[in-house]
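One letter stands for each residue in the lines below.
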Amino acid sequence: MKGAEGPGASPGPPATGRRRAVRPAAVRLALMALPLAFFAVFFAYPVVSIVGRGLRTADGWQLGEVTQVLGRPGILHVLWFTLWQALASTGLTLLIALPGAYVFARFSFPGKQVLRAAVTVPFVLPTVVAGTAFLALLGRGGLLDQLWGVRLDTTVWAILLAHVFFNYAVVVRTVGGLWAQLDPRQEEAARVLGASRLAAWRRVTLPALAPAVAAAALMVFLFTFTSFGVIQILGGPGFSTLEVEIYRQTAELLQLPTAAILTLVQLVAVGAVLGVHAWTVRRRESALRLVDPSTTARRPRGAGQWALLGGVLASVALLLFLPLGVLVERSLDTPGGHGFAYYRALTSVDASGTFLVAPLEAVWNSVRYAVVAAAIALVVGGLAAAALTRRAGRFARGFDALLMLPLGVSAVTVGFGFLITLDKPPLDLRSSWILVPLAQALVGVPFVVRTMLPVLRAVDGRLREAAAVLGASPLRVFREVDLALVRRALLVAAGFAFAVSLGEFGATVFIARPGNPTLPVAVARLLSRPGDLTYGEAMALSTVLMIVCALSLLLLERIRTDRSGEF
Amino acid sequence: MALLTLEDVTVRFGARAALDAVRLDVAEHEIVSVLGPSGSGKSTMLRVIAGLQAPGGGRVLLDGADQAAVPVHRRGVGLMFQDHQLFPQRDVAGNVAFGLRMHGASRAEQRTRVEELLELVGLPGAGGRAVSTLSGGEQQRVALARALAPRPRLLMLDEPLGQLDRGLRERLVVELRGLFGRLGTTVLAVTHDQGEAFALADRVVVMGDGRVAQTGTPLGVWQRPASAFVARFLGFDNVVPATVGGESADTPWGKLPMEPGSPQGGRTLLVRPAGVRMAAPDDGLRCEVETRTFRGSRVVVRLRPEGGGPPLDAECAPAEAPREGDTVGVTFSQDDVVVLAESGTGAKTNATAKTNADAGLRDGSRST
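Chains as they are written, first to last, in the working numbering: chain A, 1 to 567; chain B, 1 to 368.
Hints in this document: simulated from the structure, not taken from any laboratory.
Glycine included, each C-beta is placed from N, C-alpha and C at the ideal position.
You may find that some hints are simply not true.
[What the hints assert, rightly or not] Computed beta-carbon distance windows for the label pairs:
hint : chain 1 : residue 1 : chain 2 : residue 2 : range
1    : A       : L475      : B       : A65       : 20 to 30 Å
2    : B       : G56       : A       : S473      : 21 to 31 Å
3    : A       : R299      : B       : E290      : 50 to 60 Å
4    : B       : A65       : A       : S473      : 17 to 27 Å
5    : B       : P241      : A       : R476      : 53 to 63 Å
6    : A       : L198      : B       : E324      : 42 to 52 Å
7    : B       : D66       : A       : L29       : 25 to 35 Å
8    : B       : P88       : A       : P207      : 28 to 38 Å
9    : B       : D66       : A       : R203      : 16 to 26 Å
[Claimed, not checked] Partner residues are not named here, just some residues of chain A that face chain B (Cβ under 7 Å, in silico):
hint : residue
10   : R462
11   : L463
12   : E465
13   : A466
14   : L470
15   : G471
16   : A484
[Unchecked claim] Calculated Cβ distances over 10 Å to all of chain A for the following chain B residues:
hint : residue
17   : A17
18   : D20
19   : E30
20   : G58
21   : R107
22   : P241
23   : T243
24   : G245
25   : P257
26   : G266
27   : D313
28   : A321
29   : E324
30   : L340
Build the full structure now, drawing on both the sequences and the hints.
This is the structure:
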């Protein structure tokens, strides 16, 4: 942190200036108004409506249904599987990614920056692509099947490994980011005081790191608990999570009451997890003294450290890059030898009637939707982050948690909710293309908030004062100081929102119209059709999607601010 | 008419008064240093004058005009922040030109003024450098150039040299004084470092607990501290209660000679260490030498009177300093015995005041 008070500083008032102290409540409310309205209309209203519709009949509320539904063996199995696969995925991810976090934090080696960006690619990849990549690696006719006749797509391992693939970056970024900023001298101080290397790590570093590890674990748990695209593609009949079951009950069985109850169950579970997460984040923000990460990394020394580095690089290659490589290879592996036949096929409307338009049009649709969604997310999330920067106790914390909720609420429910609520005046958006970006923006907002918040909070209040004393009016101060400082973070947030919107699947699959599918929807639709051609086309389209995502991420990494957000 | 006038300015944070009915006048072209320990309200005073902090009571007048309704950006004062607060996203020229831009100066005007100012602060041609590449001393110069650029009618400096190392600080303080003299700038600087304050200012204002404890020339304040608080803050520990009668005073250290015409009765006295003379043990007050501390050209000797009473500091040339454990006889010179006013500042500040004064003495050069 910059701006530590010097020893001679008078303990003056906090950095908030007088002008902001006059009417902070009004300013905060004005900033919150749009985000609150957005969430009320496009999140709370659809979700509450669909849950209400499921639980209420002409005879009134059917709350007896809850115990009845939750008592069904099939549903119990889904609940149990959802929970244990999430726990197992989280454990496995931590096991594999924590050494990676250490290596990225404390070692310097050539190509580290590029590699750091590359391991983040899977995280912003659409879940559908991740699923497809693992299918190409572990599934029928996949690489392992060809080499050794091993197929894992019917086992839970495919799901777990895909979840590791997906969430590796969460751990490396949250834990590694903090680890790199921990002052190594703290550990050295413990060593000088007589602690062994292990004891020093256990007593000094681990306690400092623990909240970050807990936060990362909770994020991974959250993502895997609500996993949809991965399981939809890799799960098979035996493995269904809540989210997949909600989709099945809603779209296939038209059992709205069951879907509503499952949505509620998921909401409660996610709410609890978010509560714990918010608590650990607050603890983490409190006490640590951080240093410049570039000063803490050094070249590995000794056989042990080189082995650790090698192991981490190997696991990254095997778990992260191999699936992507196989995906690309499969997309080129046509019956007539390697070539671009599948890509060419994407440009024409196929005879099977899977699409009304050429699949490649989905690229244009996706990009268009994602740009609009990112813009919406940026405005809503930016205002929300600005409101949250003016810290205001419990109310603001509640607002913060509300903003994170779309990450955990069933996207399927949101999508279906859109369909049944936004179809009458004054909000008849049924036939409007804006419906898709609106749903995607909901998922983008949490990322924008998480990226912007640390940067906005880090703007030293006295910089604003310095500008004011030099003659800048309040509006000018905002433009010259705040906006100038967060411009880069704003770009990063925009990129994240774009990538996340591009990959959104759960809600979009409901509301994208057949004539205008997005990339993930098109991939899923291709995969649902049997045949080598559609399989190859799915691989090709996934590759296109991956390249679009990776390009936007690499672009981001170039302009990334030092003070990265939590993702 | 004074350029700046504070009339009974009061600021409270909760129950604590950061500024307690402070009155102050600063004349045009005057350089005033506000000196005080941490928490004495110095920085708050600058914030009130700049408009960054609303006073709970009292008035701030600039050129005789009440500033209550004038927002920060229209007050036309300059403030150099303690840690400079340069805009990290702008280069040096962008920082210096900021105030000029806010006042609507043309590009050509900005360019010439920036060059002129960088020249003035000794960084010619540094306009294109990134702020992050500057050393502490260079940052300080850029911050000064930025504050001076819009030609503020009053320039305020908050611990201007606080973060720099000693050698640089001593050089810069001399440079600053020369610069302000040449430019005719009116300056109000706050610092906890008496060396800095005395070297920079025409007039020194000592603050404690939100109140003005003493105002005067650097020499006047140094020679005749007004109260026990000021004396202790300046590093003088030889402060004792006494009963003055005629031309002598009864103290725990025995009878002290007094100037004719000294106030009579129960008083608090300061004996400057230079006025504590050490000689053979049989002459005067017998004391044991506890410690010796080198302070450049002088040595401060801490003495413990054998007959009891508070410890006593004496100052002498290094060659004359007795060894630790020696016994010496102490006499007092009348010129260095000062009658202090009854201190209005509570005893609770004395602990902090002392620490800071020690720090000040250690770091700063003595200017007398």
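These are the hints, each one checked on the structure:
Checked against the hint of 20 to 30 Å, the pair L475(A) and A65(B) passes, with Cβ atoms roughly 25 Å apart. Against the hinted window of 21 to 31 Å, the Cβ-Cβ separation of G56(B) and S473(A) comes to about 25 Å, which satisfies the hint. Under the hint 50 to 60 Å, the C-beta atoms of R299(A) and E290(B), about 53 Å apart, fit the expected range. Separation of A65(B) from S473(A) is about 20 Å and conforms to the stated range, judged on CB atoms against 17 to 27 Å.
Distance hint check: the CB atoms of P241(B) and R476(A) are about 58 Å apart, consistent with the given range 53 to 63 Å. Restraint check, L198(A) to E324(B): a C-beta distance of roughly 47 Å satisfies the suggested window 42 to 52 Å. Distance hint check: the CB atoms of D66(B) and L29(A) are about 32 Å apart, consistent with the given range 25 to 35 Å. Taking 28 to 38 Å as the suggested C-beta distance range, the pair P88(B) and P207(A) conforms, at roughly 32 Å.
Evaluation of the 16 to 26 Å hint for D66(B) and R203(A) yields a failure: the beta carbon distance comes to about 59 Å. The interface hint given for R462(A) is met, as the beta carbon of that residue sits about 5 Å from the closest beta carbon of chain B, less than 7 Å. The closest approach between the C-beta of L463(A) and any C-beta of chain B is roughly 5 Å, which is under the 7 Å cut-off, so the hint is satisfied. Checking E465(A) against chain B: minimum C-beta separation of about 5 Å stays under 7 Å; hint holds.
Interface hint at A466(A): satisfied, since its Cβ lies 4 Å from the closest Cβ of chain B, which is below the 7 Å cut-off. Hint status for L470(A): holds, given a least beta-carbon distance of 4 Å to chain B, under 7 Å. With 7 Å as the threshold, the beta carbon of G471(A) comes within range of chain B, its nearest partner Cβ sitting at about 4 Å, so the hint holds. Against a cut-off of 7 Å between C-beta atoms, the interface hint on A484(A) holds, since the closest Cβ of chain B lies about 5 Å away.
The beta carbon of A17(B) is kept farther than 10 Å from every beta carbon of chain A, the shortest such distance being approximately 13 Å. No beta-carbon of chain A is positioned within 10 Å of the beta-carbon of D20(B); the least distance is around 14 Å. No Cβ of chain A comes within 10 Å of the Cβ of E30(B); the nearest lies about 20 Å off, and the non-interface call holds. Every beta carbon of chain A lies more than 10 Å from that of G58(B), the smallest distance being close to 15 Å; the non-interface claim holds.
No Cβ of chain A approaches the Cβ of R107(B) within 10 Å, the least distance being about 17 Å, so the stated non-interface status holds. Residue-level check passed: P241(B) sits 31 Å from the nearest beta carbon of chain A, beyond 10 Å. At the 10 Å boundary, the C-beta of T243(B) stays outside the reach of chain A, the nearest C-beta of that chain being 38 Å off. Taking the minimum C-beta to C-beta distance to chain A, about 42 Å, the non-interface status of G245(B) holds against the 10 Å cut.
Every CB of chain A lies more than 10 Å from the CB of P257(B), the least distance being 38 Å, so the non-interface label holds. Consistency note on G266(B): stated as away from chain A, and its beta-carbon is indeed over 10 Å from all of that chain's, at 34 Å minimum. With 10 Å as the threshold on Cβ separation, the claim that D313(B) sits away from chain A holds: the shortest Cβ distance comes to roughly 24 Å. Once the 10 Å rule is applied to beta carbons, A321(B) is consistent with being away from chain A; the minimum gap is 31 Å.
The claim that E324(B) lies off the interface holds: its Cβ sits roughly 30 Å from the closest Cβ of chain A, which is beyond the 10 Å cut-off. Distance check on L340(B): its Cβ is at least 25 Å (rounded) from any Cβ of chain A, clearing the 10 Å threshold; non-interface status holds.
In terms of the numbered hints stated before, the structure departs from hint 9 and from no other.
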